[in-house]
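Participant: Quick mapping for you: the protein sequence lines, in order, are chains A and B. Be aware that the first sequence starts at 111, since it is given in the numbering used here, and climbs by one per residue. Be aware that the second sequence starts at 111, since it is given in the numbering used here, and climbs by one per residue.
Any given hint could be a false lead.
[Stated by the list, open to error] Computed list of lysine to any residue pairs in SDA-like fashion (alpha-carbon distance at most 25 angstroms, straight line):
#  : chain 1 : residue 1 : chain 2 : residue 2
1  : A       : K152      : B       : V472
2  : A       : K549      : B       : K549
3  : B       : K141      : A       : L555
4  : B       : K546      : A       : D516
5  : B       : K548      : A       : V506
6  : B       : K509      : A       : D545
7  : A       : K148      : B       : T473
8  : A       : K148      : B       : A459
9  : B       : K335      : A       : G461
10 : A       : K509      : B       : N573
11 : B       : K148      : A       : K451
12 : A       : K546      : B       : K548
13 : B       : K141      : A       : K451
14 : A       : K509      : B       : K548
15 : B       : K548      : A       : L555
16 : A       : K450      : B       : D362
17 : A       : K451      : B       : R228
18 : A       : K546      : B       : S396
19 : A       : K509      : B       : K148
20 : A       : K451      : B       : G223
21 : B       : K546      : A       : Y296
22 : A       : K509      : B       : K141
23 : A       : K546      : B       : P563
[Claimed, not checked] Covered stretches of chain B, as calculated for chain A (at least 3 residues, CB under 8 angstroms):
#  : region
24 : 287-300
25 : 312-325
26 : 433-445
27 : 457-470
28 : 536-543
I should point out that these hints are in silico values taken from the structure, not numbers from a laboratory. A quick note: this is a predicted structure, and the numbers were derived from the prediction, not measured. Every residue, glycine too, gets a C-beta built ideally from N, C-alpha and C.
2 protein chains.
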Amino acid sequence: MKAKFSSKDEFDKIFFPRSVAIVGASENILKAGTRFLKPFLKMGFKGDIYAINPNAESAFNCQGYSKITDVPGHIDHVVVCVPSMHIPSIIQQCVDKSVNSVVIFSSGFSESGTEDGRLLEEEIVRLSRDSHLRIIGPNCMGVYCPSGGVSFRDDLPERGGPVALISQSGGVAITTVLTANERNLYFSKVISYGNECDLRSSEVIEYLSDDDETSIIMQYIEGTKDGSEFLSALKKASLKKPVVLLKGGVTDAGTRAVTSHTGALSGMAETWSAVIQQSGAIQTYSVEEFVDTTLAFNLIKPPQGRNLGVVSVSGGLGVNLSDLAIRMGFNMPEFSADVKKQLGRFINAPGTGVHNPVDMAVTFFGTENFKHVYNQLERDDSVDIILMHLCMEYIVRFKEIIPNLDELIVSAIAEGLLALKKPFVMILPHTIQDDKRKKVENQLLEQKIPTYPTIERALISINHCMSYYEMRDKR
Amino acid sequence: MKAKFSSKDEFDKIFFPRSVAIVGASENILKAGTRFLKPFLKMGFKGDIYAINPNAESAFNCQGYSKITDVPGHIDHVVVCVPSMHIPSIIQQCVDKSVNSVVIFSSGFSESGTEDGRLLEEEIVRLSRDSHLRIIGPNCMGVYCPSGGVSFRDDLPERGGPVALISQSGGVAITTVLTANERNLYFSKVISYGNECDLRSSEVIEYLSDDDETSIIMQYIEGTKDGSEFLSALKKASLKKPVVLLKGGVTDAGTRAVTSHTGALSGMAETWSAVIQQSGAIQTYSVEEFVDTTLAFNLIKPPQGRNLGVVSVSGGLGVNLSDLAIRMGFNMPEFSADVKKQLGRFINAPGTGVHNPVDMAVTFFGTENFKHVYNQLERDDSVDIILMHLCMEYIVRFKEIIPNLDELIVSAIAEGLLALKKPFVMILPHTIQDDKRKKVENQLLEQKIPTYPTIERALISINHCMSYYEMRDKR
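Start from the sequences, fold in the hints, and give me the full structure.
Facilitator: So, in structure tokens, the structure goes:
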């Protein structure tokens, strides 16, 4: 195994290079290289960008050269998007030019399952072995770091955030980032590392666990060549910040699919689950759960226990929420007599209820009631977490009577919830037109109110948070 | 217990009345009665509509009277939205006027938990006992039947469909209808029956099981006064068409919430689950699952087994789909050697894979490839159900190269899937902007392609379908 970066500075340069060269970039937008050059322009990358192509053509005002070694200035980082057979010579050029890091997007290496692919991968590792060059990939998307102006897709936002993502799959990296963005979650650093021929995910975890820009680490992993190094990195990182994992290949069929995807040895599902649990990382099972859980770590305050105080505007949905909560290991305590009495001062129209779940029914019209209800639940010692379930469909229909009712309610809810010391979670289901719902969700998320589309997804996310904090307190 | 309707005609009149009177309706849009009158106008109700209010004011061109008995013509159906204390006298008027059915929206009856409420409910039952009048409610939304021009909310669509819904909760009825509409599912008949003081849900199930407009029955139930009658109706109906249930109060906390909601005796969770399973109905646990499952019964052909053939455009997400499928009891068979060979003729670019799941990767650009892939999976005897997982985020970014790529892909997928004899399901996750995704989802659903937002929700729905067909084949 190759030596690690000798300093944090060298690792930093992967995310904050001063100059980059894109091999395979030209003015032709059909070329993969061009599609990797344009994101740097879109992100406003501040350093020099060079386009490397056979005709030394400039591309989108970036100076063109036919070889990396022809570039006059220094190059920190290279992205390679040309057929695999050309790659050994490019790696040699990177070594000769003292490049710090190279991303190999191209596939056709060990993941192909062919002897040729395996040998080609061995060759590029051998060529770089005695140099400072670190290889990311091959068969990967590479690096996205908004604060460094680095990106691998031109639809990723310039806006950064507190989440880092390490993904063995480029596709999962893209899907995860975009899914997270839709939930107002933004990224500090993303690295898609593919076949992991040189730079290993455990090194990245270690780096990110000390990264001030990052408060939560997400990782999609299919397999690893060194389980004990990975476990050790995961353990150390989990003590410092939450690590949320999505493991690809936790069944035989999934493992088989992994083999033809990144060629990793994904191993036995049971072993992996045990290892992950032992490490203190949180295992999730779908992209949605992966993102939901990260959102929870970002916005939900650590709960002190599993006692929910629920506020609903619909009796039936309050019943359903209670059922789901109990089935998932939460409690729905009875409120104290005094809290019920105080709730009854405001929540007393026909059809309302002041038990847990509180059924506000039509009293949501009095938007000041939200604050009163939340404050009572905040007062009640039996309640650890406050959940609000909002049915937009009961509100939009009253637009005729109070045209801006939904805005009034959203701001009343936000104001009420944000004043609480206890953790709170909002559930805003996909009942009505997605565009209206989306607007309200964005408003809530922008105000740092953790908002989920279904009851189950909210509860699973809270559960994951609690497991993490319980584990950390024990260690 | 009161006698049932003596003929189907009388039951029909609940959904297809020739004339209706709304008690509490006026020109004042703040009045609940007015909010129940306007939906009839919006639906283009063809018969006479009367507004009953103390001043005999007309409302929105509907003739006003101060009493039901003052109306000169016959009245089939009455909706009552006035405080509960006035209701006995209105019921007496309905009896005197030989009204067929009355919906009591008002609450303040047995669900209130008070002795007064209980007595008031007893009184209205007593007043109507010897008449033909059937009472729906109290504490309910009543009836929605697009083909009859009847509705209880002015945002419910005029478009009808094959689904019937019986709901003890008015709120759940509204939420379910609107959630279903968003998924292109429309309704034949909806009845929200609240406290069930007279018309019982078992009678409605029996009626709907013979209703030609209805091919799937949904029911939200919190409790019932006659379990054996309910079970018997459910059993008979399940043999004729799928019955999808959402039971409110399957835990102690849920049961407690039910008590303050409709006052029903929701009973022990275990008993209920056993009863439901025994009946052949399908039990679901959230509004989303309730609607997802109904969508499956509406659009997925009965599968012959649990062997999935999966097509994906992302390796990593194909891996995740395989994992989730196996964990949920499905199989991911190996394709036959010949099918793999034939797949390889089209799906052969770097990064693609012709195992199960098929990873089309960039070959989705050749939109004709979708049809080739589906046809191979149709040919393979080991495959029972074809699943397509589409990541819109890989497609939208190529708009620069092929501006109408997403339209081309959607029509290629639709054309390919609709030509299949085997059942197929589409998964279209919420990764990118909801409005773009929604447009594509609508296009697919309009073409009768069952489309789900997450892998889990698709698989749970398929599972429910299979359980139903297996049960029915056994009986």
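Participant: The structure should be examined with respect to each hint, and the outcome stated for every one.
Facilitator: Each hint tested on the structure:
1. Of the pairs offered as hints, the one joining K152(A) and V472(B) holds, with about 23 angstroms between alpha carbons and a cut-off of 25 angstroms not exceeded.
2. This hinted pair checks out: K549(A) and K549(B) have alpha carbons roughly 17 angstroms apart, not beyond 25 angstroms.
3. Proposed proximity of K141(B) and L555(A) is contradicted: the alpha carbons are some 35 angstroms apart, above 25 angstroms.
4. Simply put, K546(B) and D516(A) have alpha-carbon atoms about 24 angstroms apart, close enough for the 25 angstroms limit, and the pair holds.
5. Taking the CA atoms of K548(B) and V506(A), the gap is about 20 angstroms. The hint holds against a cut of 25 angstroms.
6. Distance check on the hinted pair: K509(B) and D545(A) sit about 22 angstroms apart at the alpha-carbon level, within 25 angstroms; holds.
7. Simply put, K148(A) and T473(B) have alpha-carbon atoms about 23 angstroms apart, close enough for the 25 angstroms limit, and the pair holds.
8. As the CA atoms of K148(A) and A459(B) are separated by approximately 24 angstroms, the hinted pair is consistent with the 25 angstroms bound.
9. The suggested pairing of K335(B) with G461(A) holds, with an alpha-carbon distance near 21 angstroms, which does not exceed 25 angstroms.
10. At roughly 40 angstroms between alpha-carbon atoms, K509(A) and N573(B) are farther apart than 25 angstroms, so this suggested pair is violated.
11. About 37 angstroms separates the Cα atoms of K148(B) and K451(A), which puts this hinted pair outside 25 angstroms; it is violated.
12. Of the supplied pair hints, the one linking K546(A) and K548(B) holds, its CA atoms being roughly 12 angstroms apart against a limit of 25 angstroms.
13. A C-alpha spacing of about 29 angstroms is found between K141(B) and K451(A), which places the hinted pair above 25 angstroms, so the restraint is violated.
14. Of the pairs offered as hints, the one joining K509(A) and K548(B) holds, with about 24 angstroms between alpha carbons and a cut-off of 25 angstroms not exceeded.
15. Proposed proximity of K548(B) and L555(A) is supported: the alpha carbons are some 21 angstroms apart, at most 25 angstroms.
16. Taking the CA atoms of K450(A) and D362(B), the gap is near 19 angstroms; set against the 25 angstroms cutoff, the hint holds.
17. Distance hint between K451(A) and R228(B) is fulfilled; the C-alpha atoms sit about 23 angstroms from each other, no more than 25 angstroms.
18. A C-alpha spacing of about 22 angstroms is found between K546(A) and S396(B), which places the hinted pair at or below 25 angstroms, so the restraint holds.
19. At roughly 15 angstroms between alpha-carbon atoms, K509(A) and K148(B) fall within 25 angstroms of each other, so this suggested pair holds.
20. For the given pair, K451(A) sits about 17 angstroms from G223(B) by alpha-carbon distance, which is consistent with the 25 angstroms threshold.
21. Simply put, K546(B) and Y296(A) have alpha-carbon atoms about 21 angstroms apart, close enough for the 25 angstroms limit, and the pair holds.
22. Distance check on the hinted pair: K509(A) and K141(B) sit about 15 angstroms apart at the alpha-carbon level, within 25 angstroms; holds.
23. A C-alpha spacing of about 18 angstroms is found between K546(A) and P563(B), which places the hinted pair at or below 25 angstroms, so the restraint holds.
24. Counting residues of the region 287-300 of chain B whose beta carbon lies closer than 8 angstroms to any beta carbon of chain A gives 3, which meets the minimum of three for the stated coverage.
25. Evaluation of the coverage hint for the region 312-325 of chain B: breached, as 0 residues show C-beta separations to chain A shorter than 8 angstroms, against a requirement of three.
26. Given a C-beta distance limit of less than 8 angstroms, the hint that chain A covers the region 433-445 of chain B holds, as 7 residues qualify and 3 suffice.
27. Check result for the region 457-470 of chain B against chain A: holds, 7 residues qualifying (beta carbon to beta carbon below 8 angstroms, three or more required).
28. Beta-carbon proximity to chain A at under 8 angstroms applies to 5 residues in the region 536-543 of chain B; the threshold of 3 is reached and the given coverage holds.
Checked against the numbered hints listed earlier, the structure breaks hints 3, 10, 11, 13 and 25; every other hint is satisfied.
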